[in-house]
Amino acid sequence: MDLGPHAAFIWASYAIYSVVVAGVIGWLVWDGARLKARLLELEAKGVSRRSRSMSAKPAAKEES
Amino acid sequence: MSAFWTLLKRDLLLQVREGGAVGTALGFYLVVVTMMPLGLGPDLNLLSRIAPGVLWIALLLSALLSLPRIFEADDEDGSLEVIATGDLPLELATAAKALAHWISTGIPLALLAPVLGLLLNLELSAYPVLVATMLAGTPAISFLGAVGAALTLRVRRGGLLLALLVLPLYIPTLIFGIAAISAATGGPSGFQASFLILSAISLFSLVIGPVAAAAAIRFQTQ
Amino acid sequence: MTKAAMNPQQSLTQRLANPTRFMELSGRVLPWLAAAAALLIAYALYLVFFVAPDDYQQGQTVKIMFIHVPAAWLGMLGYALIAVSSFGYLVFRHPLADVSAKAAAPLGAAFTFLALATGSLWGKPMWGTYWVWDARLTSMLILLFLYFGLMALRSAIEDDALAGKLCAVLGLVGVSILPIIKFSVDWWNTLHQPASVIRLDGPTIHPDLLWPLLYSAVGFSLLFFALHTKGMRNEILRRRLRSLTMAEVDRARTVSATAAAE
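Protein chains in written order, with the working numbering: chain A, 1 to 64; chain B, 1001 to 1222; chain C, 2001 to 2262.
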């Protein structure tokens, strides 16, 4: 594929785009996995999050 | 309404008694403007061309330094909570405090500007216009600044954050303030249009500033 | 809230406003959203590199437009999303609105940054310099500052509930001043070419270039919503984790207190 005299600028644009988008995706996925693992860990220790009221608790707190 | 004037008078009295703070802002203004020729060279033609911009930017920075004081002292000694729970709507209370800031800081800075204009070889004919635009534009600085001061009230060393929050909001004031002055000194566009838009921006911030600042304070003093 | 979630009479937004319900629904939607985004972006890239002709003026560099324009649009969409969420949080006190505002800020900032970076790389061959103080670039730069302010304020305040409320105030102030900033910057510099995609007399851009641009815009918008959904899910998990940890600490404290009493 011939991108003409300004190929470097085109590739640089697409490269920086890929890096930033991949970075955001990677961070979100990593963060989500880490949070899930720690929640499971706590659950295994027996801290209850059975009830829905538990998960809705931050909401209830903020409304006070 | 009398509570509004009482609060305004109290704030102004406190400013006068403390004294130092206004002087510091004026001194800072003087120093920043003095740095410009030292950094850019003493070419008088260049200086007179960029004088409106330099004077406005330095004014923004000087006013910025004094913004945290709008609510800080009252928050430290607890009187802010008294004001927040008092009879006077908090929106009017924040308006009074921002107005006090404008009178105690905005007006002195605007009046000092022509003196500093001398240092920058600003055309003499521009001086009335300079003061007029600064008097019309500085309310926006105080009232939008009050929002930033209220938002960063409880942030430790919030001064830098305050600058980051507030400076982008000052861009319209800066643009039209400078446009009005350069129009009056032979620039391309009409002076009247720029001046009217500048006043409109100030009026707009007069409405939005106290409301937003009051909301921010209410959340923090609850 | 739990009881309300069971009620089938509720509107979609009401049901979505329940975090547990949101987790269920978003978990089901997210893979499809991500897949659709990936497919559309892939197809758009195929069109861009193998089908779309060169612009007669800009030559090959017009290929940058296909990512630059969606990034600029998403940068602005991000702030609109923050404004709507801030309004929802301050007026209706939906905790999810705060979650949405918090998740949107870094995404909007990332796309605004990409719009600036690609615009700058596009500008070098076109204008001969990486940066010109063109009205639209300047507005995007100021938008980026507003994002920085929002993120800095949120990270500076330790109390999360308070940070959410103050950021909502800042978000609303920002969105009410944005049009004035845009107007003043446009006024300050009216040298740029007029907007060429959305115009009352119809698009002036060549159709062969328009279709890849539309695919790309829709694809990246879907990507944005997928990322936003993922960010919101993460934030909900983070809040659950925090309340669980706090409950755990409380429990440990009571246990040790009773042990000490005995």
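Think of the hints as simulated: they come from the structure by calculation, not from any bench.
Because the structure is a prediction, the values reported are computed rather than measured.
The reader is advised that the hints may include incorrect statements.
[Unchecked claim] Stretch-level coverage of chain A by chain C, calculated; a stretch enters the list once three of its residues show a Cβ under 8 Å from a Cβ in chain C: (1) 7 to 21; (2) 36 to 43.
[Claimed, not checked] Pairwise CB distance ranges, derived in the manner of DEER restraints: (3) C:K2124 / B:L1038: 25 to 35 Å; (4) C:F2049 / A:W27: 21 to 31 Å; (5) B:E1123 / C:A2161: 19 to 29 Å; (6) B:G1190 / A:V29: 25 to 35 Å.
All C-beta atoms, glycine included, are put in the ideal place defined by N, C-alpha and C.
Verification of the supplied hints:
no.: 1; hint: 7 to 21; in the structure: holds (count 10)
no.: 2; hint: 36 to 43; in the structure: holds (count 4)
no.: 3; hint: C:K2124 / B:L1038: 25 to 35 Å; in the structure: 34 Å, holds
no.: 4; hint: C:F2049 / A:W27: 21 to 31 Å; in the structure: 28 Å, holds
no.: 5; hint: B:E1123 / C:A2161: 19 to 29 Å; in the structure: 54 Å, violated
no.: 6; hint: B:G1190 / A:V29: 25 to 35 Å; in the structure: 55 Å, violated
In summary, the numbered hints that this structure violates are 5, 6.
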